[in-house]
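A.B. asks: Listed below, chain by chain, are the residues.
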Amino acid sequence: MTMRDALLFVFVALLILGVGFLQSWNTALSILNMGLISAIMALGVNMQWGYAGLFNVGVMGFVALGGLAAVIVAMPPVGAAWAAGGGRMLLALVLGAGVIAGAVALWQRMAKGRARALAMVAWLVAGFFLYRFVFDPAANAIEAVDAASTGYLGGLGLPVLLAWPVGGLLAAGAAWAIGKTALGLRSDYLAIATLGIAEIVIAVLKNEDWLSRGVKNVIGLPRPVPYEVDLQQSPGFVENAQGLGLDPVVASTLYVKLLYAALFLAVLLALIWLAEKALNSPWGRMMRAVRDNEVAAEAMGKDVKARHLQVFILGSAICGLAGAMMTTLDGQLTPSSYQPLRYTFLIWVMVIVGGSGNNWGAVLGGFLIWFLWVEVEPFGAFLMNVLTAGMAEDSGLKAHLLDSVAHMRLLTMGVILLVVLRFSPRGLIPER
Amino acid sequence: MTDLLNALVAFSNFVLIPATAYGAQLALGALGVTLIYGILRFSNFAHGDTMAFGTMLTVLFTWWLQSLGVGLGPLPTALLALPAGIAGTALLLLATDRVVYRFYRAQKAKPVILVIVSMGVMFILNGLVRFIIGPDDQRFADGERFIITARAFKEMTGLDEGLAIRTTQGITLVTAMIVVVLLFWFLNRTRTGKSMRAFSDNEDLALLSGINPERVVAITWIIVAALATIAGVLYGLDKSFKPFTYFQLLLPIFASAIVGGLGSPVGAIAGGFVIAYSEVTITYAFKKVLGYLLPERLEPDGLVQLLSTDYKFAVSFVILVIVLLFRPTGLFRGKAV
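Just so you know, the sequences run in chain order G and R.
Residues in the first sequence are numbered consecutively from 12, following the numbering used here.
Residues in the second sequence are numbered consecutively from -16, following the numbering used here.
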């Protein structure tokens, strides 16, 4: 890190501190926490795009898989649902996986020709109906169990921190499956494939109620940090807060947010240390060689496809990890809140603005763009108020302009992305 | 026999006709994507939002015309507003090209950079549309709602099942047909169209033979504006106009273009219909149709729906993957940059 980079980080820190002094410390800490998570997502995308030149626009799907991991790991199991259809559901899932594995084996074993294609189609159709035959009653039975409050299998009831690596693993598994099919095709095709898989992951989360309660949301995820209410009732904490001259209620929310920030910061620091080590190792040099000239790298004996798959899985796993962290912070999984503009394309803006190919750049972009994403709205509202101050109170245009402030952030992000791409295409902290 | 006819009518009413209209809308969208890919050589992620922008302009003009009391009688007023919408969108796209894309073209930037640039344009258009008309659902169809209503059809034929053809579905098909015929006539018969195809086939040779690249690019954008606006307005008339839905249309549209073969106009049309028919067929509950066809004993208990409607994106995606795995250049040999 050079002096200039350090100054940029100081600048972003000052921005967040400014929010603390001018708006509220609660908002400032919220920005910091989501900024930390965004920085981790940006690190993941930077690995794929910055190191290897892979164009992944399915970040949202991997983030959502991480969120699912938080539910599966941390929520208490629903005994009645397991009794109603748990075993049959497991059987159905194993069966589904078996059908696909069988199809792949069939494809590889049989000789090329019409017989193979027909056998494959017949196998898949038969497998699909068999799967649905086992699956449908199980799903219905599970969803019928006290649908208003559970209606799903629940999780394993393990500590929520364990969900973070599990989220990474889930995302890595999905990335392996996508990478196996779509890598090696042209870059635009990978983009469309990842865009599609992200939509499918969200569709699964929204519709498979037995798994994630669908649009009924899973709320009340266990937390790795104490609850505010408990803190406010603990005499020691109240005493300390009053010693600092703080209201216990305010102090407890700030304390909880700070604990989260410490956890996230630890993860971010560990990841950036690993990422820097990897980037500056022979492996990192090989990756960049592959990115800059695939043909030359292949001629030097590098397995381009395998390397692409490897870095695609790594980057996606980091996005999954960040997704699990985010769901832990929110304390709930709301599948309908996953929007591609927010969870895929915004992360891309972070990477491009920060500096693709540079880990510190991605992290800086994560903080800066998240800060802007949050703060553009109040700032835009202020600007609109000033602009419309001269208009008549009952003017329809004035009301419309003030109402539309919420949509300013998309516009602003687009402008920022285009300006950076045009005038500083390598980002704020360029690759070295 | 009546059972068979009933089954056929039910199938047409719920699968064939809606899917044909949807396919025509997808085909028009995919034509735009494929033209940009052929001439400008990148996948335009802003296409869905271009459609939304064009539709928004048309909706605004429609409202204005309606407030003046101007209408087309049984046809929707939006058809009258369409040329204005196209003109506005063409101006917007030409301005975007001038301000944004031309710089990268002069630099000969890699296609993937242009894709990222189009992501920025997508953000701006998306924000602009939400800023002007808001993120909510807007209905702007007026005029006669049906060409044939289900009841009229039942009375006419004496069948149990009704066949309803909505005006918007009829308009979609007629308009799409006119647009496609015009486009192919333009591409194959006119000097400008030929220069566009030459440019798409081999840029260097086209430049050597004196074709003005900026002119080709400008005309491409104008045609794309027309295609995107028409596709968007037809989709909006048929269903409703909601900016986010248009953004989501990106996936089936790209799937259509790729399945057909990127850069190939015929492929885009074929791809649109392939995707639309599979999407609607696989997510339709066949209980009713099978009820007529099968003997009573075998009648299905469930809905006989292969996948729930919410998985329609999965269908376009799976078809896309299958085509990419077994025929990477698409059904009609597209080009690969």
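Some hints could be false.
[To be verified] Derived CB-CB ranges, DEER-like:
hint, chain 1, residue 1, chain 2, residue 2, range
1, R, 50, G, 155, 51 to 57 Å
2, G, 417, R, 316, 27 to 33 Å
3, G, 119, R, 169, 53 to 59 Å
4, G, 305, R, 89, 24 to 30 Å
5, G, 38, R, 292, 37 to 43 Å
6, R, 316, G, 117, 42 to 48 Å
7, R, 305, G, 88, 46 to 52 Å
8, G, 394, R, 169, 42 to 48 Å
9, G, 15, R, 305, 31 to 37 Å
10, G, 411, R, 169, 48 to 54 Å
11, G, 155, R, 51, 52 to 58 Å
12, R, 305, G, 305, 46 to 52 Å
13, G, 128, R, 316, 51 to 57 Å
14, R, 292, G, 294, 31 to 37 Å
Just so you know, these hints were derived from the structure itself, not from any lab.
Bear in mind the structure is a predicted one, so any value in this text is a computation, not a measurement.
Where a beta carbon is used, it is the ideal one built from N, C-alpha and C, also for glycine.
A.B. asks: Determine for every hint whether it applies to the structure shown.
C.D. replies: So, going through the hints one by one against the coordinates:
1. Distance hint check: the CB atoms of residue 50 of chain R and residue 155 of chain G are about 52 Å apart, consistent with the given range 51 to 57 Å.
2. Evaluation of the 27 to 33 Å hint for residue 417 of chain G and residue 316 of chain R yields a failure: the beta carbon distance comes to about 46 Å.
3. A hinted range of 53 to 59 Å is violated for the C-beta pair residue 119 of chain G and residue 169 of chain R, which are about 47 Å apart.
4. Distance hint for residue 305 of chain G and residue 89 of chain R: a CB-CB separation of about 26 Å, consistent with the stated range 24 to 30 Å.
5. Look at residue 38 of chain G against residue 292 of chain R: about 40 Å separates their beta carbons, and that is inside 37 to 43 Å.
6. Between residue 316 of chain R and residue 117 of chain G the beta carbons are some 28 Å apart, a value that contradicts the proposed interval 42 to 48 Å.
7. The supplied range of 46 to 52 Å is broken by residue 305 of chain R and residue 88 of chain G, whose beta-carbon atoms lie about 38 Å from each other.
8. At roughly 45 Å, the beta-carbon separation of residue 394 of chain G and residue 169 of chain R lies within the given 42 to 48 Å, and the hint holds.
9. Here the CB-CB span from residue 15 of chain G to residue 305 of chain R is close to 50 Å, at odds with the stated 31 to 37 Å.
10. Range check, residue 411 of chain G to residue 169 of chain R: about 40 Å between beta-carbon atoms, so the 48 to 54 Å window is missed.
11. Distance hint for residue 155 of chain G and residue 51 of chain R: a CB-CB separation of about 56 Å, consistent with the stated range 52 to 58 Å.
12. Taking the beta carbon of each, residue 305 of chain R and residue 305 of chain G are about 26 Å apart, not inside 46 to 52 Å as hinted.
13. For the hinted restraint 51 to 57 Å between residue 128 of chain G and residue 316 of chain R, the CB-CB distance of approximately 20 Å leaves it violated.
14. A beta carbon spacing of about 45 Å between residue 292 of chain R and residue 294 of chain G contradicts the range 31 to 37 Å that was offered as a hint.
Hint compliance for this structure: hints 2, 3, 6, 7, 9, 10, 12, 13 and 14 are broken, all remaining hints hold.
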